[in-house]
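Asks: The listed protein sequences derive, respectively, from chains A and B.
Position 141 (the first sequence) corresponds to 141 in my numbering; numbering is contiguous.
Position 212 (the second sequence) corresponds to 1212 in my numbering; numbering is contiguous.
Worth flagging that the hints you see were computed from the coordinates, not collected in a lab.
Using N, Cα and C, we set each Cβ at its ideal position, and we do this for glycine too.
Check the hints yourself; a few may be wrong.
Partial pick of chain B residues on the chain A-facing surface, computed with a CB cut under 10 Å [as the list claims (entries may be wrong)]:
| # | residue |
| --- | --- |
| 1 | Asn-1275 |
| 2 | Gly-1315 |
| 3 | Glu-1317 |
| 4 | Arg-1321 |
| 5 | Arg-1324 |
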Amino acid sequence: MVSIWRYILAGLGLAVLLVGIVAAVYLTLPQSAPGPDLSRSKKTANGLFVASFEPERGVVRQGELQSWLLTLKTAAGAPVEGAAITVSGGMPRHDHGLPTSPQATDYLGQGRYRIDGVKFTMSGWWQLHFGISAAAGSDSVVFNIVL
Amino acid sequence: MRRLISVASLSALAALALLGGCGEPQFSDAEKKTIASLALNTLPSLKVDTTNQYADVPAAAALGSTLFFDAGMSRDGTVSCSTCHKIDRQFQDDLPQAVGVGHTNRRTMPLAGVARDPWFFWDGRRDSLWAQALTPLENPLEQAGNRAAFAHYIKKRFGERYERIFGPLPDLSSVPANATPLGSDAEKTAWNAMPAGQQDDVNRVFANIGKAIAAFERSIEPEQTRFDRFAIDLATGAKPEGNAAFSPEEVLGLKLFIGKANCMTCHNGPRFTDNSFHNTGVPPVDGLPPDRGRVDAVAQVGADPFNCFGKFRDGDESACRELRFMVKDGPQIMRAYKTPSLRGAAYRPPYMHAGQFATLDEVVAHYSKAPPSVEGVSEVHPLDLSERERAALVAFLKTLSE
């Protein structure tokens, strides 16, 4: 009769070996680079405004013309009215611009501007640049969107 | 001790079986999701075309079908839409450049799923299917007719059918036999001499011809292929049966297509197109007129009286967002051409906007090498695919045609 301890010992040995292999594989995997900042709300480049950018209907659909909302507040939290907004952008890794020319089409009150004509034709990393001019001055902000 | 050995060897066998996957094609969850996004069952139902109130009227589609195949719809009675869009050839003609009354400079596009396009022609110089259908009718190299002659022809041949769909035809008794703002000097002079109201009447009949043809073309849709059956089985975990099973070469081609070869950058979604325009460095053809692609089309679609902003559109302007938010300038539209669907592509050479490449091997070799564009900047970067990889891509593309 072989002692039960021998089986337990063998099992433990196999387990240690397995953990070692998994650890070795994990440690030799290439570290994934940190992705772009995906926050949907941020300070503009010179800190004049706080900008938020969200799809108007909540979801991003590839290949569809969609409207988004750009909400602008001052650093003190007051809505920014009467802003002139320019939109540009593209895919940094593909060296190309946007497939459409989105525009600020409507002011919806409380600092909210409708940005219509946004279309993402492929998956990957997109950028939208906004130039913003209002009573407080001119500033810009970039939003990253990854599909 | 013997027991220990048998336990260990059993575990080893189980581990091997897991790793080997029993010879099944292995796709990661991300790859499976990507493959599912290409399958035909994800194609949404066709949207209502509010710019064409007759788009889903059966009698309009029936009249459109008659007109599509009617060689009477041309200057000399020899060319119809179906001369180039051949019904038994995926509605294309197998020629490098289409031949109507004359020799054109562009490859005939197939029509499966055409009603889903936001832009028409290789360069997108029209923005609706009905506005597209009008263009070859008056192109001197295609059907070479003129809108006044078409109005008279419709009244004479199809007056009753027309009126049942579109209402009474206008009085054409004083309309010249031949007149259009785009034709010969004589036709232009005749057009300019017509009162504005009469021009409008003729334009209205002309627009309705386009709307009827578009109603017919909406019925032409892509068909299920071997790839779609494979993709459905992969998504549901069923074992592919018969020709839905992929060979190892086809599996490699699919993996390259959705991965390293970057094909999906543009050829995405269930129609394998992003409906956009790209410069991919395809060379011009010697002897053809200069062709700058999208850059010239932008002005043409903007100036077209039958575009979405024009008065012949039905419904309201909310349907015109593609035109409204169109990219009008910038380096990216120089020699940019529409991404064609790849469904059925394997059996309709030659390829590209002027039939530059005779085979799919040449197409794949072009994208692997990625030569610079003669004008503007190509978006394609060299892939340096091996011969085996290029052949695998071609093998995969064939599964979209079988």
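Asks: Each hint should be assessed against the structure and marked as holding or not.
Replies: Against the structure, the hints come out as follows:
1. Asn-1275: Holds - the Cβ of Asn-1275/B comes within 10 Å of chain A, reaching about 7 Å at its closest.
2. Gly-1315: Check failed: Cβ of Gly-1315/B comes no nearer than 16 Å to chain A, outside 10 Å.
3. Glu-1317: violated (12 Å)
4. Arg-1321: holds (5 Å)
5. Arg-1324: holds (7 Å)
Hints 2 and 3, counting from the list given before, are not met by this structure.
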